[in-house]
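Got chain A; can you put chains B, C and D on it based on the hints?
4 protein chains.
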Amino acid sequence: MKYVKVGIVGANGYSGAELIRLLLQHPYASIEVLISNSTTGSLLTEQYPQFQDIIHMKLDTFNINEIASRVELLFFATPSGVANKIIPLCLEKGIKCIDLSGDFRLRNGDDYVHWYGFEHENVEYLSKAVYGLAEYNEEKIRNSQLIANPGCFPTATLLGLLPALQGEWIDPNSIIIDGKTGVSGAGRKPKVGSLFSEVNENVNAYKIGHHQHIPEIEQSIFDVTGNKVNISFTTHLIPMTRGIMCTMYTKLVKKGTIDEVHQYYEDIFKDSEFVRVRPIGNIPATKEVYGSNYCDIGLYVDERTDRLIIVSVIDNLVKGASGQAIQNMNLVNGWDRSAGLASAPIFP
Amino acid sequence: MKYVKVGIVGANGYSGAELIRLLLQHPYASIEVLISNSTTGSLLTEQYPQFQDIIHMKLDTFNINEIASRVELLFFATPSGVANKIIPLCLEKGIKCIDLSGDFRLRNGDDYVHWYGFEHENVEYLSKAVYGLAEYNEEKIRNSQLIANPGCFPTATLLGLLPALQGEWIDPNSIIIDGKTGVSGAGRKPKVGSLFSEVNENVNAYKIGHHQHIPEIEQSIFDVTGNKVNISFTTHLIPMTRGIMCTMYTKLVKKGTIDEVHQYYEDIFKDSEFVRVRPIGNIPATKEVYGSNYCDIGLYVDERTDRLIIVSVIDNLVKGASGQAIQNMNLVNGWDRSAGLASAPIFP
Amino acid sequence: MKYVKVGIVGANGYSGAELIRLLLQHPYASIEVLISNSTTGSLLTEQYPQFQDIIHMKLDTFNINEIASRVELLFFATPSGVANKIIPLCLEKGIKCIDLSGDFRLRNGDDYVHWYGFEHENVEYLSKAVYGLAEYNEEKIRNSQLIANPGCFPTATLLGLLPALQGEWIDPNSIIIDGKTGVSGAGRKPKVGSLFSEVNENVNAYKIGHHQHIPEIEQSIFDVTGNKVNISFTTHLIPMTRGIMCTMYTKLVKKGTIDEVHQYYEDIFKDSEFVRVRPIGNIPATKEVYGSNYCDIGLYVDERTDRLIIVSVIDNLVKGASGQAIQNMNLVNGWDRSAGLASAPIFP
Amino acid sequence: MKYVKVGIVGANGYSGAELIRLLLQHPYASIEVLISNSTTGSLLTEQYPQFQDIIHMKLDTFNINEIASRVELLFFATPSGVANKIIPLCLEKGIKCIDLSGDFRLRNGDDYVHWYGFEHENVEYLSKAVYGLAEYNEEKIRNSQLIANPGCFPTATLLGLLPALQGEWIDPNSIIIDGKTGVSGAGRKPKVGSLFSEVNENVNAYKIGHHQHIPEIEQSIFDVTGNKVNISFTTHLIPMTRGIMCTMYTKLVKKGTIDEVHQYYEDIFKDSEFVRVRPIGNIPATKEVYGSNYCDIGLYVDERTDRLIIVSVIDNLVKGASGQAIQNMNLVNGWDRSAGLASAPIFP
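Chains as they are written, first to last, in UniProt numbering: chain A, 1 to 348; chain B, 1 to 348; chain C, 1 to 348; chain D, 1 to 348.
By construction, these hints were calculated from the structure, which means they are not laboratory data.
Hints are supplied without guarantee of correctness; some may be wrong.
Residues from chain C that face chain B, not an exhaustive set, calculated with beta carbons under 8 Å [as the list claims (entries may be wrong)]: (1) E121; (2) V123; (3) E198; (4) N202; (5) M245.
Predicted model, so just to flag it, every value in this text is computed and none were measured.
Note that the Cβ used here is the ideal one computed from N, Cα and C, for glycine as well.
Only chain A is shown next, with the shape it has when bound in the complex (with noise of 0.2 Å):
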């Protein structure tokens, strides 16, 4: 018996995809409704296929009171600019939201503007959104009725960086973070950079010093620190579909050896069964988080250079979008923090 009925805003893009096989082997929670506005009426089959003889139903349009009758707990895997319209609405009717977008993490409503692009309508919201990033946030989101998920980029880089923070080991206005993406990160929505003939056999560097994670970044590590910093953030695309690399690159304030600064990030992450830190000496590669919800850290300290370099790898679609959020769901619920996420990593 599964006792939680679900639903999924966006269901026909790739969190959208990624939530539907997660939610299917979940132990508590049933997808009730799927709703897609650029194929409303459509199988979820015409879409994707791989859901054949598994999960047979149809992409609605969004009804509220409908949805209201038929679900306690609603996804947002929207494109930016949507979710801040409809959530106030969901809110009000007692549904649960649990926001893959990003139009709730930033407690700034101005910065909407400058960063997203797009005007955010419902900013007395913001303050009640809790930051969904649960190895930092647990008992908030436990309360929450309106969970901000992370972004994909801001999941690899805080878990990464928060500890050598914590810690004081780095100095705060040091902080570097090169990052690698595969391409599912820019949705199903055609455009000619995603294109095949495009990504493969090819690295693009984009949204050089503008990209809208900046300034979230910058804000989990103000909450769980109390340092206000500038941080240089660079993303790149990669010819690869699903994973994330951040090359975190970081000055050391405190003399350390590389035992101490590993030890500290394995106790602060020793109760936390989806962060993996790696032996020293061992750095982790995407592929080998792939399909999965863990997060694994590798470290490095740089003798030549006073530096510790710190590698974070994600799957994207999991960890950096429907994994967690299922996470989210799962402590809002009181469930285990694992339910439906225990699958080991697909590799090759």
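Showing chains B, C and D alone in chain A's frame:
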């Protein structure tokens, strides 16, 4: 509680690693022994870091007495020419054996020299082996001690082709199979032809007319339908890791509409949870079964040429190897056919 | 000094860009006009930064009078259904036209509705067009004003197949063509099916039985050999950018050893600098012609089934489009066949 | 007529094959000798079928006297640790040597043990070698008998970084280099880490803090600018065959707008035909230099962090190896810098 203790010989190869991944999510089987000659003594996680914090085991050398004391069932994920020497020892100790290599698939011992290039050392055991194509051999498999798990191409080919032959829709002498495979089937042993730089942006036809899967396919066609056939079978290496597609060209001998042929296929597979006959007009792609135990089949009747074209796709490491091996383990133990195998495909 | 002034209509597509690359290294032709409706007014380097510091031109709109005053020869690298409207205007102005689209390849105007889905507006010009398969039509091409440059699949298919038919080695009714192509053939226009996330780690069979290249291939087979045939032709999208392989299955009707068939092919192509018949036992891979104008052919006689298997590979954007177009331009102008086309393939 | 006779030692590797491709289109140099220890006696086309009908040569073993009688210039495309033993013999015979390996790049012989893991056998020759970074060492190269061709990463790094240091725009101690490379740089020798199944859908950080290109880059920075620096240098293997991108993070010390910095770069490279400084706002992607000898540079001033971010891309087998070697051969022989190197990049 897990009921049955199993081991894997050849745990360091890709099929071995995939067996581990799938067994970890199996409700009734527990992994007790991992054997690898090439990496004996190392930790599994040194070879496959994806398993950190999930399974902590050493890779051992093969010792029949120790193994016999620790497991009831052994998977052989070894290269061709290995299992034929060892399996008889294991059977004598009462260990059930599921061989993922080709060593017990052919009934005629001489064929091993011709098609595989080695001399089989225990030909008297060939008749004791049951061919593990579960959709066609279920009863025999249930009662067997030694299961010859089908090859990757034969699995895709036979599931797609046999109904057309059973229904006498096609001329058995007209069969042409054009196979496309990802490179993981070639294993983890380094060779020039498997290097990224050689495989990427490339298609390669190999072993034309003398692939070792030819006699296996022809033998099974004979077993199921009584037809002695010579097939044309050509395999192509394409730039992907997982996945096999077999496009099969056959001459229609019975006037049949696509609806009739399609219905016939649906009837044949109505109780087979791992075979999905696609709706008319819908041809499966390999990624739509990625990471899963499904075999998806698409059908097309070309009226211009009176040919039935059958497209069959599998994940070569799952339904084409380790997943089917677990399906066979389930039958041997009287468990649910789909125990441990219920995951949906990962897409994209 | 460059002797002939040329222009490209559809310069913003992949074939257009490839024409530019090849024309830049051509000794006798200079690019004077680049036309693109979708990106009129922009710089070529805004669309294709690889040309920075090499060619500095704007993309213009189509104006017949201005074009007529500036070029002697026009390449049409336009989508299907465009060139048929414009080319007659150009011919009237005395401009030689080489059409890389399918608009003038079929002699029967009605076929355009059936196979291409558009109504041809100038069917009376179909008989004036010469099919630009240079290895078979050289004399006619030399004297033509309008050349219908062959499609990518037809080029690979016909060069591999015609000798077997000319020599009457095979049954013309037995022809089955299994084509595999990179995705650049689908063009730069964004669509879901061409996205990296959909193509990577995937094989996709498409347009089974109704690909628009079927009538083109059958028409050419008739023209060269007098055989009216119905071919089976199935195309597969595989995860690469460039390259086509056609694996062709045919029934031998004449007893012939592989040596005899091979010798026959070598004789046919002994003066064709762009067709390389591989030594017996050697099957070509697509990457071995990457970036070049070669068509490589491998032959295999399967004695178990009395079939001749022919494998033919090209770079779809060069020999399958822009390279062959330049080869045709060379013939039309009486230049060396290989002017501007002599580069070796790039590997790896 | 070709004026200079050249040979290649290590012709069977990827850099060797790329030298052959480029030399074939060179107007003044002819290939007379191909040396390969691992495949002596075989035809080049057995190793690299792409050269069929283009160049017909055997791979020979190394015999100094015979080589001396047949060539004037030798390229060494050998693994680390080979050329240092052989090149002195060649120099004594009056053969000019261009070494694509690292054996003569470092001035301090002891560094070879530390960074390369071998003992250099002819340290007295290190001072005779000229570092072949043509854009910075042109005069010395012209007069040299022994050219140490730069490494792939150092080429991309130095061309991007040196102007910022020369202009004293940046703090020399702030340099962080994040490199991404295709796998062809790892060569054709089979190893697990270069297999398609391991590289595809994966990113891998390797040799963090101890890559052998670190001392080479630091030495060149010192030579050109007088700065003794310790750089942070991290390399990542990404799923592509060709291409290197270096993303470089540096601290601005001089107040400078992006316009001023950009102008400074344009001035430095105004006579360098192979370095293309991209317009402001435009960051290069690796595929935009594919197959060509270009190094493209993009610049970004991040005002939030006062950092100058420099992105530099090359084709690792061309500008990062064989193309630059030919550029050096051109200088040594007093030819046009771009003889044989004028091809535009191949895209897509």
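Here is what the structure says about each hint:
1. E121: Violated - the Cβ of E121(C) stays beyond 8 Å from chain B, reaching only about 28 Å at its closest.
2. V123: Given a least distance of 24 Å, the restraint on V123(C) is violated.
3. E198: holds (6 Å)
4. N202: Given a least distance of 4 Å, the restraint on N202(C) holds.
5. M245: At 5 Å from the nearest chain B Cβ, M245(C) passes the 8 Å test, so the hint holds.
The structure is inconsistent with the numbered hints 1, 2, although it conforms to all the rest.
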